[in-house]
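J.: What follows is the residue order along each chain.
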Amino acid sequence: MEPAEVEFLAEKELVTIVPNFSLDRIHLIGGDLGPFNPGLPVEVPVWLAINLKQRQKCRLIPPEWMDVGKLEEIRDQERKEDTFTPMPSPYYMELTKLLLNYASDNIPRADEIRTLVKDTWDTRMAKLRLSADSFVGQQEVHAKLDNLTLMEINTTRTFLTQALDHMYKLRTNLQPGESSHSQDF
Amino acid sequence: AEAYFPVGPGLGMEENFLSLDDILMSQEKLPGRAESSLPRLALLLGQGAGSGESVPEGSKLEIPLWLAKGLHDSKRRIISVELPKIYKEAWRTVFSADANVVDLHKMGPYYYGFGSQLLNFENPENPEIAQTILQATVSDSVCSPQTFVARFRRIMDSSQNAYNEDTSALVARLDELERALFQVGQKGLNDFQCWEKGQASQITASSLVQNYGKRKLAEVDG
Numbered sequence: 001m002e003p004a005e006v007e008f009l010a011e012k013e014l015v016t017i018v019p020n021f022s023l024d025r026i027h028l029i030g031g032d033l034g035p036f037n038p039g040l041p042v043e044v045p046v047w048l049a050i051n052l053k054q055r056q057k058c059r060l061i062p063p064e065w066m067d068v069g070k071l072e073e074i075r076d077q078e079r080k081e082d083t084f085t086p087m088p089s090p091y092y093m094e095l096t097k098l099l100l101n102y103a104s105d106n107i108p109r110a111d112e113i114r115t116l117v118k119d120t121w122d123t124r125m126a127k128l129r130l131s132a133d134s135f136v137g138q139q140e141v142h143a144k145l146d147n148l149t150l151m152e153i154n155t156t157r158t159f160l161t162q163a164l165d166h167m168y169k170l171r172t173n174l175q176p177g178e179s180s181h182s183q184d185f
Numbered sequence: 001a002e003a004y005f006p007v008g009p010g011l012g013m014e015e016n017f018l019s020l021d022d023i024l025m026s027q028e029k030l031p032g033r034a035e036s037s038l039p040r041l042a043l044l045l046g047q048g049a050g051s052g053e054s055v056p057e058g059s060k061l062e063i064p065l066w067l068a069k070g071l072h073d074s075k076r077r078i079i080s081v082e083l084p085k086i087y088k089e090a091w092r093t094v095f096s097a098d099a100n101v102v103d104l105h106k107m108g109p110y111y112y113g114f115g116s117q118l119l120n121f122e123n124p125e126n127p128e129i130a131q132t133i134l135q136a137t138v139s140d141s142v143c144s145p146q147t148f149v150a151r152f153r154r155i156m157d158s159s160q161n162a163y164n165e166d167t168s169a170l171v172a173r174l175d176e177l178e179r180a181l182f183q184v185g186q187k188g189l190n191d192f193q194c195w196e197k198g199q200a201s202q203i204t205a206s207s208l209v210q211n212y213g214k215r216k217l218a219e220v221d222g
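Chains as they are written, first to last, in the UniProt record's numbering: chain A, 1 to 185; chain B, 1 to 222.
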């Protein structure tokens, strides 16, 4: 899976906008959206919000977790705990990138938010690597990690599964009576 | 008794007859000895100059793995093989002490694959070899399969942290299996960084095609 695909999935999340046009309720395959009235906030999926913003038809309202104080709390909690803390959104990384790239004028203190999210991301990736290392190091067969987001999993997926594959093959060498290797007739 | 021995479908980690990695790996040579005289094979085995010469019994040979595996048979003694240095006890202690310092590329670029295949020749040291290749757990017996596990951390960290840097120094000491893993780790990292910068949605010319333009200009200039 590519990061772009994860971003595509993230664009289904809902975000609040304030449109400057009016439109009746629209019926899409995935569900209904609207009605849109100028000045009245309405919830739409991110893909639509970004598109409207690019056409200058709305103003984006940042999600309530995208705030410096809240993110600082999250970052500090992440640094304190050994396990993964639940994130305010399962797509926090993607939403941050999208909203800050297209609507940074609607988000106060955008640069600080970017830095805080990056810090949290780095801490979580370091924890993931530590956990992978102990998984391989102890040659365990089963591990459970809570509160991981899809983007984090996606970054390490291929590497971890290949490494575990190799480890498994090397470990089956240890089995006595390797009938799997030689063929005797 | 049959004249030919069927050999398994693939010699190597991928266990695929057509896998290039497996083919290259099985070409690595093993030290061995001719247990009986091999008529007219001296030229093939690099022993003599004349096409009719035979290899006398007991002479030392360097045979590629695929040949050794095919000729190896406990009933008919044609050749016997010996462990390469790197899988012997002396090196196994080095690995259990600190696996990260060893230059696995120099020691035969297919350490893991070759080592796994060596286990097919009945050798009393096989359990220890298998252990060393994988990881050294805490045990007084020499080597566990620790090499892979001990070096795993290094590979993971370096592949996930070296963005846009020259990685040749990092991969120089890895064997082929580790290099493949390193590249996979790098790709994961690069894909993410590229997405974060917004380049994932940009269309760029393929690197294969960019060179065509260069060559054309050179031809025109003469």
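Check before you lean on any hint, since a few could be wrong.
Output of the computed footprint for chain A on chain B, the stretches with three or more beta carbons under 8 Å from beta carbons of chain A [what the hints assert, rightly or not]:
no.	region
1	147 to 154
2	184 to 192
3	196 to 210
What follows is a list of derived Cβ distance ranges for each label pair [to be verified]:
no.	chain 1	residue 1	chain 2	residue 2	range
4	A	Gln-56	B	Ala-180	34 to 42 Å
5	B	Asp-157	A	Glu-5	20 to 28 Å
6	A	Gln-56	B	Ala-172	48 to 56 Å
7	B	Arg-40	A	Ala-143	54 to 62 Å
8	A	Val-42	B	Asn-190	36 to 44 Å
9	A	Ser-22	B	Asn-190	43 to 51 Å
10	A	Glu-140	B	Thr-204	38 to 46 Å
11	B	Asn-190	A	His-142	26 to 34 Å
12	A	Asp-76	B	Asp-98	32 to 40 Å
13	B	Leu-20	A	Asn-147	52 to 60 Å
Bear in mind the hints are in silico, worked out from the structure with no lab data behind them.
Even for Gly, the Cβ is constructed at its ideal location relative to N, Cα and C.
J.: Please go over all the hints and tell whether each is borne out by the structure.
T.: Evaluated hints:
1. 147 to 154: holds (count 4)
2. 184 to 192: Holds, because 7 residues of the region 184 to 192 of chain B bring their Cβ atoms closer than 8 Å to Cβ atoms of chain A.
3. 196 to 210: It holds: at least three residues are needed, and the region 196 to 210 of chain B offers 4 whose Cβ sits within less than 8 Å of chain A.
4. A:Gln-56 with B:Ala-180: 34 to 42 Å: 49 Å, violated
5. B:Asp-157 with A:Glu-5: 20 to 28 Å: 26 Å, holds
6. A:Gln-56 with B:Ala-172: 48 to 56 Å: About 53 Å separates the Cβ atoms of Gln-56 of chain A and Ala-172 of chain B, which means 48 to 56 Å holds.
7. B:Arg-40 with A:Ala-143: 54 to 62 Å: 58 Å, holds
8. A:Val-42 with B:Asn-190: 36 to 44 Å: Hint holds: Cβ distance 39 Å, inside 36 to 44 Å.
9. A:Ser-22 with B:Asn-190: 43 to 51 Å: 45 Å, holds
10. A:Glu-140 with B:Thr-204: 38 to 46 Å: 42 Å, holds
11. B:Asn-190 with A:His-142: 26 to 34 Å: Because 30 Å falls inside the window, the suggested range holds.
12. A:Asp-76 with B:Asp-98: 32 to 40 Å: 37 Å, holds
13. B:Leu-20 with A:Asn-147: 52 to 60 Å: 41 Å, violated
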